[in-house]
Every structure is written in C-alpha cells, then in structure tokens.
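Trainee: Construct the entire structure; sequences and hints are all you get.
There are 2 protein chains.
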Amino acid sequence: MAKKTEKRFAIGVDYGTNSVRALIVDISDGTEIASCVFDYPSGEAGILLDAKDPNLARQNPADYIEGFVKSVRGAVNSAKKKRGFSPDAVVGIGVDTTGSTPLPVDRNGQPLALKPAFKNNLAAQAWLWKDHTSHAEAAEITEKAARSKDKYLAKCGGAYSSEWFWAKLLHCKRTAPKVFQAAYSWVELADFVPAYVTGNLDPDTMPRGICAAGHKAMYHDDWGGLPGKPFLKRLDPDLARIREHYATRAAAADQKAGELSAEIAKQVGLPAGVAVAVGAFDAHLGAVGAGIKPGTLAKIIGTSTCDMMVAPNDAKLPDIPGLCGIVPGSIIPGMYGLEAGQSAVGDVFNWFVKHLAPAKYTAKGDPHLNLTREADKLAPGESGLLALDWNNGNHTILVDPLLTGLLVGQTLHTSAPEIYRSLLEATAFGALTIINRFEEYGIKVREVVNCGGIAEKNPFVMQIYADVCNRPMKISRSAQTCALGAAICGSVAGGAYRRIEQAQKKMTGVKKQVFRPRQGAANTYAQLYQLYRKLHDAFGMAEYRETLDGVMKDLIAIRDKARRG
Amino acid sequence: MAKKTEKRFAIGVDYGTNSVRALIVDISDGTEIASCVFDYPSGEAGILLDAKDPNLARQNPADYIEGFVKSVRGAVNSAKKKRGFSPDAVVGIGVDTTGSTPLPVDRNGQPLALKPAFKNNLAAQAWLWKDHTSHAEAAEITEKAARSKDKYLAKCGGAYSSEWFWAKLLHCKRTAPKVFQAAYSWVELADFVPAYVTGNLDPDTMPRGICAAGHKAMYHDDWGGLPGKPFLKRLDPDLARIREHYATRAAAADQKAGELSAEIAKQVGLPAGVAVAVGAFDAHLGAVGAGIKPGTLAKIIGTSTCDMMVAPNDAKLPDIPGLCGIVPGSIIPGMYGLEAGQSAVGDVFNWFVKHLAPAKYTAKGDPHLNLTREADKLAPGESGLLALDWNNGNHTILVDPLLTGLLVGQTLHTSAPEIYRSLLEATAFGALTIINRFEEYGIKVREVVNCGGIAEKNPFVMQIYADVCNRPMKISRSAQTCALGAAICGSVAGGAYRRIEQAQKKMTGVKKQVFRPRQGAANTYAQLYQLYRKLHDAFGMAEYRETLDGVMKDLIAIRDKARRG
Numbered sequence: 001m002a003k004k005t006e007k008r009f010a011i012g013v014d015y016g017t018n019s020v021r022a023l024i025v026d027i028s029d030g031t032e033i034a035s036c037v038f039d040y041p042s043g044e045a046g047i048l049l050d051a052k053d054p055n056l057a058r059q060n061p062a063d064y065i066e067g068f069v070k071s072v073r074g075a076v077n078s079a080k081k082k083r084g085f086s087p088d089a090v091v092g093i094g095v096d097t098t099g100s101t102p103l104p105v106d107r108n109g110q111p112l113a114l115k116p117a118f119k120n121n122l123a124a125q126a127w128l129w130k131d132h133t134s135h136a137e138a139a140e141i142t143e144k145a146a147r148s149k150d151k152y153l154a155k156c157g158g159a160y161s162s163e164w165f166w167a168k169l170l171h172c173k174r175t176a177p178k179v180f181q182a183a184y185s186w187v188e189l190a191d192f193v194p195a196y197v198t199g200n201l202d203p204d205t206m207p208r209g210i211c212a213a214g215h216k217a218m219y220h221d222d223w224g225g226l227p228g229k230p231f232l233k234r235l236d237p238d239l240a241r242i243r244e245h246y247a248t249r250a251a252a253a254d255q256k257a258g259e260l261s262a263e264i265a266k267q268v269g270l271p272a273g274v275a276v277a278v279g280a281f282d283a284h285l286g287a288v289g290a291g292i293k294p295g296t297l298a299k300i301i302g303t304s305t306c307d308m309m310v311a312p313n314d315a316k317l318p319d320i321p322g323l324c325g326i327v328p329g330s331i332i333p334g335m336y337g338l339e340a341g342q343s344a345v346g347d348v349f350n351w352f353v354k355h356l357a358p359a360k361y362t363a364k365g366d367p368h369l370n371l372t373r374e375a376d377k378l379a380p381g382e383s384g385l386l387a388l389d390w391n392n393g394n395h396t397i398l399v400d401p402l403l404t405g406l407l408v409g410q411t412l413h414t415s416a417p418e419i420y421r422s423l424l425e426a427t428a429f430g431a432l433t434i435i436n437r438f439e440e441y442g443i444k445v446r447e448v449v450n451c452g453g454i455a456e457k458n459p460f461v462m463q464i465y466a467d468v469c470n471r472p473m474k475i476s477r478s479a480q481t482c483a484l485g486a487a488i489c490g491s492v493a494g495g496a497y498r499r500i501e502q503a504q505k506k507m508t509g510v511k512k513q514v515f516r517p518r519q520g521a522a523n524t525y526a527q528l529y530q531l532y533r534k535l536h537d538a539f540g541m542a543e544y545r546e547t548l549d550g551v552m553k554d555l556i557a558i559r560d561k562a563r564r565g
Numbered sequence: 001m002a003k004k005t006e007k008r009f010a011i012g013v014d015y016g017t018n019s020v021r022a023l024i025v026d027i028s029d030g031t032e033i034a035s036c037v038f039d040y041p042s043g044e045a046g047i048l049l050d051a052k053d054p055n056l057a058r059q060n061p062a063d064y065i066e067g068f069v070k071s072v073r074g075a076v077n078s079a080k081k082k083r084g085f086s087p088d089a090v091v092g093i094g095v096d097t098t099g100s101t102p103l104p105v106d107r108n109g110q111p112l113a114l115k116p117a118f119k120n121n122l123a124a125q126a127w128l129w130k131d132h133t134s135h136a137e138a139a140e141i142t143e144k145a146a147r148s149k150d151k152y153l154a155k156c157g158g159a160y161s162s163e164w165f166w167a168k169l170l171h172c173k174r175t176a177p178k179v180f181q182a183a184y185s186w187v188e189l190a191d192f193v194p195a196y197v198t199g200n201l202d203p204d205t206m207p208r209g210i211c212a213a214g215h216k217a218m219y220h221d222d223w224g225g226l227p228g229k230p231f232l233k234r235l236d237p238d239l240a241r242i243r244e245h246y247a248t249r250a251a252a253a254d255q256k257a258g259e260l261s262a263e264i265a266k267q268v269g270l271p272a273g274v275a276v277a278v279g280a281f282d283a284h285l286g287a288v289g290a291g292i293k294p295g296t297l298a299k300i301i302g303t304s305t306c307d308m309m310v311a312p313n314d315a316k317l318p319d320i321p322g323l324c325g326i327v328p329g330s331i332i333p334g335m336y337g338l339e340a341g342q343s344a345v346g347d348v349f350n351w352f353v354k355h356l357a358p359a360k361y362t363a364k365g366d367p368h369l370n371l372t373r374e375a376d377k378l379a380p381g382e383s384g385l386l387a388l389d390w391n392n393g394n395h396t397i398l399v400d401p402l403l404t405g406l407l408v409g410q411t412l413h414t415s416a417p418e419i420y421r422s423l424l425e426a427t428a429f430g431a432l433t434i435i436n437r438f439e440e441y442g443i444k445v446r447e448v449v450n451c452g453g454i455a456e457k458n459p460f461v462m463q464i465y466a467d468v469c470n471r472p473m474k475i476s477r478s479a480q481t482c483a484l485g486a487a488i489c490g491s492v493a494g495g496a497y498r499r500i501e502q503a504q505k506k507m508t509g510v511k512k513q514v515f516r517p518r519q520g521a522a523n524t525y526a527q528l529y530q531l532y533r534k535l536h537d538a539f540g541m542a543e544y545r546e547t548l549d550g551v552m553k554d555l556i557a558i559r560d561k562a563r564r565g
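In order, the protein sequences belong to chains A and B.
Residue numbers for the first sequence follow my numbering, beginning at 1 and rising by one.
Residue numbers for the second sequence follow my numbering, beginning at 1 and rising by one.
Where hints are given, some of them may not hold.
The calculated lysine-lysine pairs, modelled on DSSO-like cross-linking and capped at a C-alpha distance of 27 Å, are [stated by the list, open to error]: (1) B:K130 / A:K561; (2) B:K80 / B:K256; (3) B:K553 / A:K354; (4) B:K52 / A:K377; (5) B:K256 / A:K553; (6) B:K553 / A:K360; (7) B:K364 / A:K553; (8) A:K80 / A:K70; (9) A:K144 / B:K553.
Hints listed in this document are in silico derivations from the structure and should not be mistaken for laboratory results.
Mentor: Pasting the structure below:
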C-alpha cells in the first residue's frame, strides 16, 4: 500500500464589494475545510457614499487590512479544529478582489487615506469598481484613444469605462488635485493586498497583476505595457507621471508576489514565509475556480454577470467587438483571458420585487419564490411579453451604459409573475447574445459552467437559461468559486502544482445536476430570441434600419399558440 | 315685466354597460332636477358571460325594458318633489345607448331572447358592444370590403371591427344558425328602445338611427344606405335577407321616432303621447351634451375614450384614415359626425393598480390617489420613461387591435409612481395624436371639452393632458353629458327647440376651472412626443424605417435635464 501523504492546504482570500472571505482548501481534492467572512466596517455595508452624488462609491483601505487579518485568522482558527490541518501545511495564499478599485498611495506605498491629512477625504480612499463619477473622463479617454495610432480600445471592447483605472485617476486630478498631487502612485486593490501582506509596498517595485493592468489600465504587450506617455499626456500631463511608478511588467496570478511577512503571519496564525500569489480580479479567479479551460464558458451570475473564456495564446485571436477585455494571461497564464458580462441580472429581478411586486407576492415569504411559483406555471411565450435587460445599461456586446430597460407586449391582463418571468428570460437572451458573440469570432463554447448566487440557488432561472441558450447548464461544485480560484493560485505560487490547469483538475468540478434544454421550450425561445435581437439591434445599434411593426403581432401569435398548448 | 313662463322639461335615458340612467332636465338652462339609475339585474353587473370564451359579452333585452320603466318612473317620482315640475311639462324623451349592441328580433320586432325557446340561448340575447367573438368575421369583412368597388371602409377608418353590426350577425349565422334563422331582423339597442316605448316595433318600419347605421353598419348615402346586397351575399346570402328588413332611410337623433305609448306612459307616470326621439349612441349624445360644435373636440374620458367632432355638411371633407367613423348627421343633423377614440385610458391606469402597485400604495386609501400624490412630485421627463398606451390595441389612428403596451427607459431605480405617471402621459400622447390627425386633414380643433369620469374627478390627469396637448382643457358642466345630450334630443324632437344647436346653447356649458398648459411642461412634452411618435410609427406602421437607437439616450438626456431642474 502506498504511504498516506500529509494533507496540504491553500488559502483563497476573496475581497467582495461588502466583505472579504478567507477559504481554506485541501489542495488534493478541493475540499473546503474552513472559511471566515469579515464585513467591512466603514460606511454603508462597507461603501463610503456621498449624498450629493449617487455615482460615488469609495472604500476605506483600513477595512482591507483589517479584513485580511480577521478573515484569515478566523478561517485558520476554524480549520485547526479539523483533523489533518495545521498552519504549517498551508502552501500558499491567493488573493482576488473587485476591480478596477484603485487607491492613491505615497512614496512608500502607504494609502493616503490612512494619513491624518486625508483621512476624511473621499478622493483619497479606494475608488470602488462601481464608482461612476468618472463618466465624462471615460468618454474623453474613449474619444482620444480612438484617434490614437495604438489600438488601445481594441482589447477592451471599443470603449473605455467610467469604472476603470485611468478614468478614475483623471477624474481625481480634475476634481481633487491635492489628493492627486500627494499620490506617488495608484495601486489596484488586487495588487495592494499581496504587496501589503508580503511587506513589499514600494510602488516602483511591487508586483502588479496582468489581470487588473490588462483589463482596466489598457496594458498590452502590443504597445509595450501601459499606454504610452504621449497618449497619457494628451489626457493630462500628470497621468504620465503615474505611469513611471507602475511596474513595467505585469505578472499573472500563478506567480509568487512574495512571502507572508513575519508581522502579518503572526497576526493571522500562520508561519512567516508562506507564498502569496499575485492578485487578480474576483471574476477571473472565479472562472479558475469554476474549472475554466478552452471551450468552457464560466458564468458568474449574481447581481450582474461575468462571462469568462480562455483561448490558447498560440491561437490566432481576432479583436472581438463588444467584449470587455481580451488579455493574455489574465485568467490562466499562456492563454488569452476573455471577459464579457451583463450589467444587471439579479439586480433586475430585485428591482422588480422592490418596486413593482404587489402585496400578494410580498406580504408573506420570499417574494422571489412567490413570483417564481406563479411564473413557473407559464409556458414559454404564454405571457406575450418580451423585455430588454438593460436597466443598468448593456456591458456586452453593446458596451453602452446609456441604454435602459424595455418591456413590450402588455395587455390589460398582464400580471406581475408574467413580467417577472419576462425579465428572467430577457437576461437569458442577454446571456445567449454573449455566447453567440464568442462563437461568431471563432471561440467555440463547448460547455457552460455557472456559479454565483443565482446559479447556486435558482433552478428556475437555470432551466430558463438552458432552454433559451439551448445548451446544458452545469453548476460549479464550489459555492465559493472566487475564493477557490484564489486558493488554486496560492497552491501554484507555493509550488504545490506547476500550473493552474493541474491544480484545477484536482480542485474543481461541477455538480451532478445539469439543467438540460427542453426541446419545445427551446423552439419557442428561438422564435422569441429573433424578436429580442430585433429590439436589441433597433435600440442599441445606430445602423439598424429594419421594420419593427411585426414585433407586437409576432408576440401575440406566439402567445396564442402557447395558450392553445 | 315679462310674464313668468311655465318651466318645461326633457328626459334623457342613457343606457350604459352596467346600468341605465334617466335624467330630467329643465330645458331653459340645462338644470338637472332629478335622476334615477337602474342596475341591470342579469348576469355579472348586467353582462352575460361565457366561462369558455372571454370574448363573449351579451345582455338580456328584458333588462332594457325593465330599466326604461324603473329609471324613468324613479326620476319622475323624484322630480315631482321639485317646485315647478309636473309630468305634463315634459316635452320629450331622448335615448342613448351603447353600441353596436344589436339584438335579433322576430317578425313583430319582439326580441328572440324573450321567447321561451331562446331564453337561455346566449346567441339570442343582445350582443353587447364589447363582445369580441366576431374577430375572424371582422377580418373577413375588412378584406372583402377592401376589394369592393364601393369604399365601404373609407368612412370607418379603413378597417371593420369585431364590435360592429355585420361582424356580429355573420358570427351568429356561423355559430348559432338556428338563432339566425329565427331572426326576421336585427335591431340596434339604440333603435329598439324608442321603438319599444312608442309601440312601433315592426322591423320593416321602425325608425332606425343614422348614428348606429352609419358608424357600425356601413350605412352611407354614397352607396344608397346599407352595403349593397351583392356585397352582403359575398359574406353570406342570409345577410342580404336582413338588409331587406332594415329601414332604407336612417334618421338623426333630433327626429321624433314616435310618441310614448299609453301602456308605457302609465308605467312611468307620464302622459301618453310625449315625443320620443330617434336613438343614438352614448358617445355621440355625450358630445351633444358637452356642447359640441364645429371646432370643438368633445372628449369622453373613462375606461376608454371617445373623441368626437362635427364639421358642416357643406365643408369638403376628405376621408380621414384611422378615424372610427365619419357619418353625416350622426351627432348633429346637417353636420358630419366624426368619431375617434382610444381603446384604453382609465383601463390602463386600473391595470397598473391591479397588477403592479406595491403594498405601499394599495394598503391604505385609494391606490390611484396614493400613486398620484407621488407622481405629482415628478417633473415632466424626470422619470426617463416613455410608454405606448396600447394595452388594449390602438383604435385611432392605427385601427389595430393586435398592438400591445410598451414601456421604455427603466433603470434599477424606476419606481411605481414613475411608471404610473408615464402611463398617464402615454394616454395624453395618444390624445394628442388624435387631435393632430383631425388637424392634418383640415378639421381645426379650436377647443377641447372633456367629460366622463376621469375628466370629472382627476385634475392631475387633466393638467397633464393640457401640458401634453399644449391646449386648454375645459370640463363639461354636466357630469351626465350622455343623458343630457339625450334630453336635448328629446327637447328638439318634442318641438321645444327647432335645432339641436339652439338647445345646446341653452342647456350646455363648461366649468369655470380650465386646465391651461404650463409652458415649461409643454416644452418638455413636445420633446417627449417626438419620441412617442417614433415608437408609435415604428411599432404601428409597416412603412417606418427610421433608426430608434437614439430613443433611450434622448430620454436619458431629457431626464438629466429635468433632474437638474
């Protein structure tokens, strides 16, 4: 008999919008043995707001530091109670975070927000991914980049977003020049955490991740890293200064950023010197945790979605219009990471429940379940309704935040569950549009693995997705794919596996239950999708000139057919 | 001093969908001295339904007979308590009814429904205006009329409706041939009541009103009255038989149909021989009661609207596409009566309250008032929403029941009062579209007089109509314009006035409060109406090929401007 080997573990630390979670995973099979969540104490559920500006969303960097210590220590303490675990058996730590969430730092890499002079200055805090104060600057970057000789926008879908790095910096320069002047550099949260816990905070030398740099800061080898100084100077001379203090070579998340410092190690109850991986974004490591590989679409479905794919670097890959980003090594080293997404999914369902569900569905129990119960009794097409899922704009494939929701087909009998179902279906049509866009450009989708809250908890939605997309929908085995993906990176950075793919094979998987398309439903949805695309193209694309006058009649015909059964 | 003249009175009898009202009016100044309402006892609120077919809506003719006696007697008894009234002072009775509401009768004009053999046969009852069982037959009539040498459809907007006379007869022939065979003729309710109370029920000689014949049975002098036998035979040979027993010359509502029979007079407490006017439809006599004259648009706003105008017969009047009807003498003798309307107005507001208003607005008090209170705080355009008011199809100007509602502009913050207001506004845009259509064809709208439940009770809606239409909105003085219009016809038929116009001058008027457009609101609504027309034309007209991709952005721009104030 083979000798029984010692168990080994990796830790994934997942910085979400409202809290941070540490997850301890057995690297031999992905078993999740302990986890601990720390809610950010500052602001409203961790977010610093400004009553005068609904676009503003910032975070206190002190929450990140406290969050690392408390969540990792909590998970370690909990794991110690499990047989086979010991702190010495931890081979590495990986970190994933929201992003783009940049924070201004001083010459030593210390967040300005931690200094007394800037403590209460909102511009000196971390600029959370969903801060939209910089929309004018994003438009300016898009416009100037479009006129640049380098195709800076080709890798990010053709438009620069107000959520992204340079737009936020430019807005800071223009609205809070003192903060900008005091900043020696700006650091993405995904880079800040590994730098902080390994004690390597010097902005000039701290490792920077390819994921954040490539997807949000227009970093690409085609033009030698970050955008050139002449371009940045056209935006603002001071932006060029920041470029000098942002590492010239960005690293992938399987690389070691450093080793856990003695000080932090002591606080979290681990030995000093544990490998810490380069940080990456939550969605990207979520895709890793979901087992992403060429041909596998990893969908993280929550309030919004991220739809991730990878393609071998040696494949000839076209620029794909409408994708949020195509970045070599951003998910798995040696492969292109392709990021798409929907701006609102669960958020749309929540909006309906909050603003439009009558007392009948909200008085008792979970309104979503109450509405689902009635919506589930409807056949596809039976409501006669069709919606566009753009209540928060359209991320992929139109890359346009200035789009809004639409509902058509209402009669004097249209009910709340009918509308609720049509909104669910609309997000499924949005999901199919993304799948189609991948395939139109040669990225074959052979498998869809779903994760995130909605994939975990809502079989009704997943069945609709299967029917609408006419593909099986698989569900990731782990309920914490982001933290699991981070732990996988930790295991590779710590040398337990040579490559992320090897670790994935051991540590990831899908659930037994697969949602398979039902042919009748798929046929009806195929008809409805034609109408969805008509509305999508008519309201979202300048070049569309086809007639819409048949849409309402077609919906009625589909409805009448569905009602006849 | 002039000798004080004896007071004289007229009675208007108004047959609505659920009840009949008798109103006694002082003909010198329109003072309404007594009224009495009788609710139809049969079916659900007077309507006979069929659980198997939601399109079916019939009424028991016995209710009409009992209703005349009970309501008129009640009003007379009540009036007797007023100083100056005596039954001898009643100069005439006018009748208005819903329509097209035809009922099958025997050789003697007796409703088949009153015979034991047909008592429980739904096809033998009166076919209420909103019975939609005959949609297939309506489509067939439209199609065959379009190929006819006579332009039968030119006077009714280009399409024949399932609510109208010949469609209902044809459907009866095909689905209940025994009833059809037993029918010597079919009589509109508006013609049946005067015939019954004057004891002149012979189908071959009973007076038939031009209003019902012209608007619902394609009666027009251009082709010698009802559609020719060859055309009717192409629909069904038996329809031609009915034509033989339908008076060749239809009369206007100022004409005397006959005199109150001794039997009925005794039952209602009036002297025998009181003049009874030819009957007409409620909306048309409502327009009379609202003081309609050339240049005055009379709008009856309730669950749906009727929008009526008149134009002198000597004016050269084009066929106006999309109007429900253009019939000489149907409202005022010697003038064209022009009928337009919206399929759903109050019904749309009620739909929203019933199906989509959250508990916050429905738990306490009137949900409409609760929503109005919040909606009233919004500036025009502030919601960013725009709706099409087609939940029940579009009557004017598209004449298309196969259209549905649409809402665009939703975000994750869109609230119920915002949507409620956008629905109100959508009906106002629909109203403006009708006004514009009249004016496009040379019928100048110099004044708008509103009546009906919503005009009476909802100043918020009327202000929006004033702002959207950028015209003053006047409100009819009488809350019972239909019955008042019928009384006016009674006064003319009884010889107290020579012409309806003379009676109108004495008996009608508007309230002091006029809703006047506010310029800022009107400017914003003018922008929104451009977008409404884009959606209207794109979804409603086959020939529309313009781009819609700016609609969502324009709505956002209008919204942002409104929010900045």
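Trainee: Now, for every hint given, state plainly whether the structure supports it.
Mentor: Cross-check of the supplied hints:
1. Straight-line distance between C-alpha atoms of B:K130 and A:K561 comes to about 24 Å, which keeps the hinted pair within the 27 Å bound.
2. Between the alpha carbons of B:K80 and B:K256 the distance comes to roughly 25 Å, so the proposed pair stays at or under 27 Å and holds.
3. Between B:K553 and A:K354 the CA atoms are separated by roughly 25 Å; this keeps the pair inside 27 Å, and the hint holds.
4. The suggested pairing of B:K52 with A:K377 holds, with an alpha-carbon distance near 20 Å, which does not exceed 27 Å.
5. The suggested pairing of B:K256 with A:K553 is violated, with an alpha-carbon distance near 46 Å, which exceeds 27 Å.
6. At roughly 35 Å between alpha-carbon atoms, B:K553 and A:K360 are farther apart than 27 Å, so this suggested pair is violated.
7. For the suggested pair B:K364 and A:K553, the alpha carbons sit about 39 Å apart, so the restraint of at most 27 Å is broken.
8. Of the pairs offered as hints, the one joining A:K80 and A:K70 holds, with about 15 Å between alpha carbons and a cut-off of 27 Å not exceeded.
9. Restraint check: the Cα-Cα separation between A:K144 and B:K553 comes to about 22 Å, which is no more than 27 Å; the hinted pair holds.
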